[in-house]
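For the protein sequence lines, the chains are A and B, in the order given. If you're matching positions, the first sequence starts at 12 in the numbering used here and goes up one per residue. If you're matching positions, the second sequence starts at 110 in the numbering used here and goes up one per residue.
Do not rely on the hints blindly, as some may be mistaken.
[Unchecked claim] Quick list of in silico lysine-lysine cross-link-like pairs, DSSO-like style, CA-CA up to 30 Å:
(1) 29/A with 271/B
(2) 93/A with 271/B
(3) 239/A with 20/A
It is worth saying that the hints were derived from the structure and are not from the lab. Note that the structure is predicted; figures quoted are calculated from it, not measured.
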Amino acid sequence: MREPVILTKGLRRTFGTKADAVEAVAGVDLAVEPGSIFGFLGPNGAGKTTTLRILTTLLPPTAGTATVMGHDVAREPAAVRKRIGYVAQSGGSDPRMSGRGELVMQGRLFGLGADEARHRAGELLDALDLADAGDRLVGTYSGGMRRRLDVGVGMVHRPGLLFLDEPTTGLDPQARARLWDEVRRLRETGTTVFLTTHYLDEADALCDRLAIIDHGRIVAEGTPAELKRAIAGDVLTIGVSGAGDLVAGMLAAQPFVRESSFADGFVRLYVDDGESALPAVLRLLDGHGMAPSSLALHRPSLDDVFLRQTGRSLREQAA
Amino acid sequence: MRFLSDTGLVFRRSLGLSLRNPPWLIVGLIQPLVYLLLFAPILTNLTALPGFGGTSAFNTFVPGLLVMTAGFGTMFVGFAFIDEMRNGVVERMRVTPMSRTAAVIGRTLRDIVVFMVQGLILVVLSIPFGLHVELAGILVAMALLALIGLGLGPVSYALALKLGSEDALGPLVQAVALPLLLLSGVLLPMSLAPDWLQTVAKLNPLYHAVEAMRAAFNAQFSDPAILTGVVWMAALTVVSIAVAGRVFNRATA
Numbered sequence: 012m013r014e015p016v017i018l019t020k021g022l023r024r025t026f027g028t029k030a031d032a033v034e035a036v037a038g039v040d041l042a043v044e045p046g047s048i049f050g051f052l053g054p055n056g057a058g059k060t061t062t063l064r065i066l067t068t069l070l071p072p073t074a075g076t077a078t079v080m081g082h083d084v085a086r087e088p089a090a091v092r093k094r095i096g097y098v099a100q101s102g103g104s105d106p107r108m109s110g111r112g113e114l115v116m117q118g119r120l121f122g123l124g125a126d127e128a129r130h131r132a133g134e135l136l137d138a139l140d141l142a143d144a145g146d147r148l149v150g151t152y153s154g155g156m157r158r159r160l161d162v163g164v165g166m167v168h169r170p171g172l173l174f175l176d177e178p179t180t181g182l183d184p185q186a187r188a189r190l191w192d193e194v195r196r197l198r199e200t201g202t203t204v205f206l207t208t209h210y211l212d213e214a215d216a217l218c219d220r221l222a223i224i225d226h227g228r229i230v231a232e233g234t235p236a237e238l239k240r241a242i243a244g245d246v247l248t249i250g251v252s253g254a255g256d257l258v259a260g261m262l263a264a265q266p267f268v269r270e271s272s273f274a275d276g277f278v279r280l281y282v283d284d285g286e287s288a289l290p291a292v293l294r295l296l297d298g299h300g301m302a303p304s305s306l307a308l309h310r311p312s313l314d315d316v317f318l319r320q321t322g323r324s325l326r327e328q329a330a
Numbered sequence: 110m111r112f113l114s115d116t117g118l119v120f121r122r123s124l125g126l127s128l129r130n131p132p133w134l135i136v137g138l139i140q141p142l143v144y145l146l147l148f149a150p151i152l153t154n155l156t157a158l159p160g161f162g163g164t165s166a167f168n169t170f171v172p173g174l175l176v177m178t179a180g181f182g183t184m185f186v187g188f189a190f191i192d193e194m195r196n197g198v199v200e201r202m203r204v205t206p207m208s209r210t211a212a213v214i215g216r217t218l219r220d221i222v223v224f225m226v227q228g229l230i231l232v233v234l235s236i237p238f239g240l241h242v243e244l245a246g247i248l249v250a251m252a253l254l255a256l257i258g259l260g261l262g263p264v265s266y267a268l269a270l271k272l273g274s275e276d277a278l279g280p281l282v283q284a285v286a287l288p289l290l291l292l293s294g295v296l297l298p299m300s301l302a303p304d305w306l307q308t309v310a311k312l313n314p315l316y317h318a319v320e321a322m323r324a325a326f327n328a329q330f331s332d333p334a335i336l337t338g339v340v341w342m343a344a345l346t347v348v349s350i351a352v353a354g355r356v357f358n359r360a361t362a
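Put together the whole structure using the sequences plus the hints.
Take a look at the structure:
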């Protein structure tokens, strides 16, 4: 096992005074392997960005430890900053500067000489498909171009670890797909990527491993496949009106139902084989003189994982 | 070493941005220009008043204008900085090895260059109106402008960083800047004021800066006012940079 690039133990961060203190991060334990894409998935306000800011030395933890690239964020922040790249949600590029200018400036801040910085800037502009726009002002860039530039700026000094905070928020589908490709390309060159997101499809498609965070705590962790398999089987979602509790209780007692939940007028049954469970459920309901208002069968998604762990739907949070 | 090269980088970047944005430079010049043009006709009749003696009324007025330009100018740098904060520029630089104090000093140096250019324009425009000044006087004036910039700029940036919004910074600047400037004698020399007001003014570093500036313009280089002005502004500079250093280097800044 190689040394994790990120290791946290009992990480906590509280805001505010004792009376109305908010614990944004309430005991987070993480271990991120080098060369992987690690995702931090959760609704807005879950503590993703706060955790990210602690890991990038922008915020000190109130308790617990975090070691990034082998250095403690609280005791050796300067050493951490040298070894990481950071792309904030708001970007950080000045709209009045040119793309090339931003890249060169960042390079020089990391100690590259003038020529070296210019050369590196040209290299990155080519790699990110921004060569034509390099000398135009960032204010004229499209959202996707700006985000690609920000990733480039984060990578100027070739860090082994890149932090991305909600990288595709606000991007159109094409720009999103392009950025996903860029992130995968980074992993291929050996860079570890730690990203936060509230998009399920992004976490599912992009991440090698992910941690689901809610109210400052990690509620689930693993590869997307592992997480969905843990729920396993299929999900039968039955819309009920009226005596939902009774229906839920009756169905839950069935032998083919592994688990069930009832929320917002929907009974969710976690079964091994949805296709054979469906007619059985309909027969049962019919036998009790009940007709469901809706019926759906699907393979588990990360939303189901989130729902299972927290009792809320992530999709509804994001809406 | 790191601090010096980082300051140089920030200075060059800030200067480049300012040069590409001429409207901002000109806006800073409009207020003093308006004062100059509107007060000029009145001033020519004022040589009889005490404190307005010397070579010409403009020799009393223009130094005050220079201090006013630098004074108001530094108060407003905070707003441009908040804009940079909003774009994420400041935060991004915090996750680099860059010296945090360099972020302040580099920008302040750029501001000083801007004041000097504005000051020179004002001086040149005033000469046809009757302003008498020697080269040595101009040089001393430029040095004083630099000290004013260093004395007020860093604290202005520190305030902007702490407050983070124009709604918070605006009223504070108004409440502090105006009395500070009026109590320094920029428009009318404090020698015209009653004794109690003059005593209060002597506690104002900008008052001493204005007095020093006037002495420089009148080529009275042996006047102790110049040294007094330099010492006051230098002391303010030390405090200002110390405060800004603390604010910018705090972990959560």
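Hint check:
For the hint pairing residue 29/A with residue 271/B, the CA-to-CA distance comes to about 22 Å; that is within 30 Å, so the pair holds. With a C-alpha separation of about 26 Å, the suggested pair residue 93/A and residue 271/B falls inside the 30 Å cut-off, and the hint holds. Of the pairs offered as hints, the one joining residue 239/A and residue 20/A holds, with about 26 Å between alpha carbons and a cut-off of 30 Å not exceeded.
Hint compliance for this structure: no hint is broken.
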